[in-house]
Structures are given as C-alpha cells and as structure tokens.
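Q: Now for the letters of each chain:
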Amino acid sequence: MAEIKKILIANRGEIAVRVINTCRTKGIKTVSIYKPEEKKYPHALLADESICLGEGTLGETYLNHDLLVEIAKKHNVDAIHPGYGFLSENAKFSSRVRKEGIIFIGPSEDSMKLMGDKISSKVKMEEIKAPLIPGYHGDNQDPAFLAQKAKEIGYPVLVKASAGGGGKGMRIVKSDKEFNDSLAAAKREAMNAFGDDKVLVEKFIVNPRHIEVQVFSDRYGNHLHLLERECSIQRRYQKIVEESPSPALTPEIRKEITETAAKIAAGIDYEGAGTVEFILDEDGKFYFLEMNTRLQVEHPVTEMITGLDLVDLQIQVAEGKPLPLKQEDVVARGHAIEVRLYAEDPDNEFLPSTGKIERVGFPSMPGTRLDTGFEDGNEVTINFDPMLAKLIVHSSTRDQAIEKMKTVLPDVPFYGVKTNRDYLMRILKHPKFVEGETFTHFVETWKSELGPNEMSAEEMAKAILVYLKAGKSSHSEISSSRKQPGPWDTLSSLRNV
Amino acid sequence: MKKKLMIGSKEVEFFIMKDQDGEVLLELEGQKFHFNVLKNDPDHFVFSYEGNNHFSNISPSRRSGIIVDGKTYQIGPIERGAAAKSAEGEAMSSPMPGKILKLLVKEGDKVSKGEGLLIMEAMKMEHTIKAANDGILEKFHYSEGDLVDGGVELVELKGLEEA
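In order, the protein sequences belong to chains A and B. Last residue of the first sequence: number 852 in the numbering used here, and the count goes up by one each step with no gaps. Last residue of the second sequence: number 1435 in the numbering used here, and the count goes up by one each step with no gaps.
Since the hints were made in silico from the structure, they are not lab data. All of these numbers come straight from a predicted model, not from anything done at the bench. Mixed in with the good hints, there may be bad ones.
[Stated by the list, open to error] If you want a taste of the chain A side facing chain B, the calculated C-beta under 8 Å gives, among others:
#1 Leu-400
#2 Pro-707
#3 Arg-714
#4 Lys-824
[To be verified] Coverage of chain B stretches by chain A, computed from C-beta distances (three or more under 8 Å per stretch; other residues unrestricted):
#5 1276–1286
#6 1312–1319
#7 1333–1346
#8 1387–1393
#9 1419–1430
Glycine included, C-beta positions come from ideal geometry on N, C-alpha and C.
Working from the sequences, and respecting the hints, build out all of it.
A: What follows is the structure in structure tokens.
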C-alpha cells in the first residue's frame, strides 16, 4: 500500500479545481499545470505548486507525455490524476506513468483498451452476458438474409452503414414491406458516402433514454455501484442536463440496471471509478452502450445524493486501500440535478462564444454547488472546451430540485460571454421535462418551443427599469451616498461568499 | 421625455413619466408600468410590480446584459451600424481547435456569400465554415483530416473586385 502525499493534476479548468479541493481536505499537496495565458485561472492559482507548460498546441502541452512525466518526477509527486478528457483514457500514457514508478489514478491499461474499443467491448459484454442492442453486425449482406434478421430482431429496426456516422446511410424501417426498399437506399447512400455499402441491422429504440451507472471497484474484488444518473437531455451528442435518480426507473429496473453495471465491472476485473452507459427503452429494457473508464463530468450529481466524495474514493483505491463502504451503505437521499453552462449561442447552432468574464457569481441557496474553472476577469477563448461551469442542486424531490435550479441559475450570470443559461432555463420550464419525459431526442423534438420567445411589453419595461436604475443612485439617494465608501460598504461585495 | 434603447435587436421607445424616491412609472407600447425599487444593488436589484417582487442583476460594465426574473437581456444605447458590422466577417477562421472533415468546394472555384466552404469537427460538433463574401476560393490552408488550432484562418478568399 502506497500513501499518496502529492498529486500532479494532468488537466485544467473545473476538473483540476475539483481534484485540488479534495486533495486539500485530505492534506495532499497538489501540482497543477497551465499554459501562459491561463496564469490567472483558478486551477493555476489554487494548487500548492503550479507549473507553466509553455506555449504550444495541446499536443505540446497538456497532452505531452514526456513533459508531464518530467514535471511529475521533478516535483516528486506520488501520483497523477488525469481528470476527464485529455489523457484520462490513454492507455499508453497510463502505462508510461506506471513504468516510471508513479501511481496513475485510474484503471489498468487492459481495462482502458478493452472498453475503449467499440468492438472488443461488445465481444466482452456478450461473453459476460450483459444486454446488448439486438442486431446483426455480420458479413452476410444478402437482402433476404438481412430481412430475416430484421424480423427476428423485431420492427422497427435501424439499417445503418457499418462504416457510417452522421446519419448517412441510415434508415429506420417500420415493417417487413418497407425493408427491401430501405435496405437498397441505405446501401446506395453508404456506397456514396463511404465507398462501402456494408450495413448492419439493429433494433431501433423509439424513445430512448440515456441512463448510466456509476461504478467503483477496488483491487480486492469489491465492485460497487453508486446508483444511476439520467443524462438524456443532450445537444449535439453532449449532455447538458443530468440528474439522479432517473425519473424513469422503477425500483425493479433500478435494481436490475445497477446490478448489471456492477457485474460488468466485476466481469472485466475493473479498478477505480467508471461509468457504464445504457440505453433504456420505453418498456424498461436496457442495453449496454459503452463504459467510460474515468471520472465523469456529471459525477457531482452522484456525490450530492450519496454524500460521497468520488475523488477521495479514487485516491484511496489508487493507494491500494479497500473501498471504505459496502453496497448496502450506498443510499440515495433526495434528488440532484446538474446543468452545464456553456459559452455558446443556442440560437445559432450552439456555436461557441468567447469574451472576458465580468461576473461569475455564486449560487445563493443552500444545497447548491458551482464547479467552475473561471473567475471574474478570465478570458474565455476558443482554445479550450467552452464549458464554463457545472451548477448542481440538491433537494428532497425532483420538483423541488427543478425549482431550486431555476432560482439559482440567475445567480451565475457569467456576464461578458454569451451562454446557454436562458436555454437551460427553457428546458427546466418545459412541461415535458417537468413530467420527466426526457428522451435523448428531447432537444430536437421540442426545438421550436425551446427557442427564444418574443418579448412582451411588460418584459421590456422591466428590462428598461433595471438597466436605468440598477447600481445607479436615484435623486433622493444622492445626498446619503455621496460619502466615501467605508469598510462595511466594501464588505457588501462579499455578500454571496 | 421620449427615450430609446436597444433590447436585443429591437429598438424600443419609451417615456419615463415618473422617477422619484424609488418609484418609477414607464410607458411603452401604449401601456403604463408602475414599479417600486426595493433594493438597489447591481448584483441583487429587487423591485415590485403589481404586488410581486422581482429579482434581477446587471453586468458590472452595464454593457454585457442584465438578468430579470431569470431571463437575460442585452440592452443598451442605440449604436447605429455597430450591430450590423459584427454580424459579418471573421467567420472564415476555425471557431475552436478541431479537425477538417470535408472540403466542400475546390481551389479556384467561384463562391457566393454564405456558401459552405468546408466542414470541420470540434467538440463532437460539426461546423460549416461559410464564405463571408462573394469571391474566388484561392486556397485552402488545410486538407481533409488535418488538425487545426482555434482561431486560425482556414481559407484564402479573394473578393470579386480583387480577383
């Protein structure tokens, strides 16, 4: 067992800050890294030591294996935490780190490679009898054979180019009658787009939900699940609203899906934090999608309802300690929702926006959490992920969590850059979201209702009032506010702290 | 006194009929609105309207918007030409680091304003880079599959008068 006393965080932004915070509570020293333009960003300012990576592309800086190992050795760290993204699922990097005698806080190279590959992971899932979307992925392309397969799978089915992506060479087939025509069309499109007309046939899930299960394993064969998260609200294949518990799971389905995830972790002899992603259909059947072998962006939702610190658990497991809890200790309390605030324009194809942040703000209610890598005065540039912050709320019920989120979203204006805040607000207010009818096509289905609405005269009048009066003294106040600001006036800016 | 402000892309005309001791009466679009300012803090501005309290805040520079009842407004003086200017140009560089997926036209092609020139992928999203004006596509600085940084020029587009 190796005690970790100092950690290099091979990441930036909010996740680096997140890891630093846990290290501070554990008395672990931290080393953070930054590029010259990030000198005044929180992740560079909060660590015990912060190292400038110098100018260069991501490959020359944050993703530079040699440079990171060199920094780790020079600063005598015991372990490297990769965060998410960047090198967190890079088997080559983790193996290099371990060869240098440094602990990599994450699973083994074998787990990473196995689950990082769509084909090998599916083969393994078949082997351990995890549920997969019924389908035919073989070489036999005879139309009659494929039609037979479609019948066995059960309509509706999806005919999809094997080489595919982006919806090209893809057809939803609702019945036997349509099959041959749709197959021919899909094959034609596939040939045009990819130069290969091989297709696969899969069950089409009409109203899918994205349900994922947080798993945690130590090296002593303890494989726990930390319940589920529902992340069906996505735009352009990225999650923007996440919650736990899922409004769609009955206790029976919850038991089944969480136990399946733990079984998968056990089946691949996993270690550390992982997330098993599933698709859930309307009948409550779920199918394995993929497994992420790292800490997930939306992990705070799980932390809020379980009261656990997932980074702390990661560190303990990496030290070689057994998990400090048993499955029966994992209990959900209340409901948590996370929204991701992005620097982007939802009314213009979610194109990233840039600018200098005038005011980050801080959520004003108890049971809230803001994870951000920005502070007032920081620039949002196009060189990094446009995610500004994650705002997380915890309440007794889902309805209360939604209301709380609506209350605290205006507390974090991120003035100075265009954000998706109003868009998130429109999602939270949408009756279908409130009812828990959250399918992965939510954003697409309700596109027009989620667009900006016309301003009423009343709204315009209120906006004018605030613009004209806020922060400006009115005539009657001039005499009293003419004095120099005293210490108590200055302290009023700390109101939210 | 008649006044004008821009709210979003809308020019709004209004009258301040009263502004005294925190009491403000506005008229716009033929309707009267009677407000009472309860707390004047730029980060927490509270006012009442028809018996209900409303919460708002304003950006420190006043130029980067306000939030009222959870909704964001861009509001400020009317600056002629400024809005129209920012809507054009600068669109032909990469919005963020990513990969060039597909070139949609050939070098030497005549293109018209708004026509898609190339598709790039970044952060799991596809972005079509469009021609900022009519002209001849002189050169693509990158090929399909190339990785590019954010903010770099992707194409050389000669305006028709230059070509």
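Q: Now tell me, hint by hint, if it's right for this structure.
A: Now the hints, each set against the structure:
{"no.": "1", "hint": "Leu-400", "in the structure": "violated, 21 Å"}
{"no.": "2", "hint": "Pro-707", "in the structure": "holds, 5 Å"}
{"no.": "3", "hint": "Arg-714", "in the structure": "holds, 6 Å"}
{"no.": "4", "hint": "Lys-824", "in the structure": "holds, 6 Å"}
{"no.": "5", "hint": "1276–1286", "in the structure": "holds (count 6)"}
{"no.": "6", "hint": "1312–1319", "in the structure": "holds (count 7)"}
{"no.": "7", "hint": "1333–1346", "in the structure": "holds (count 12)"}
{"no.": "8", "hint": "1387–1393", "in the structure": "violated (count 0)"}
{"no.": "9", "hint": "1419–1430", "in the structure": "holds (count 3)"}
Of the hints listed earlier, those the structure fails to meet are numbers 1, 8, in rising order.
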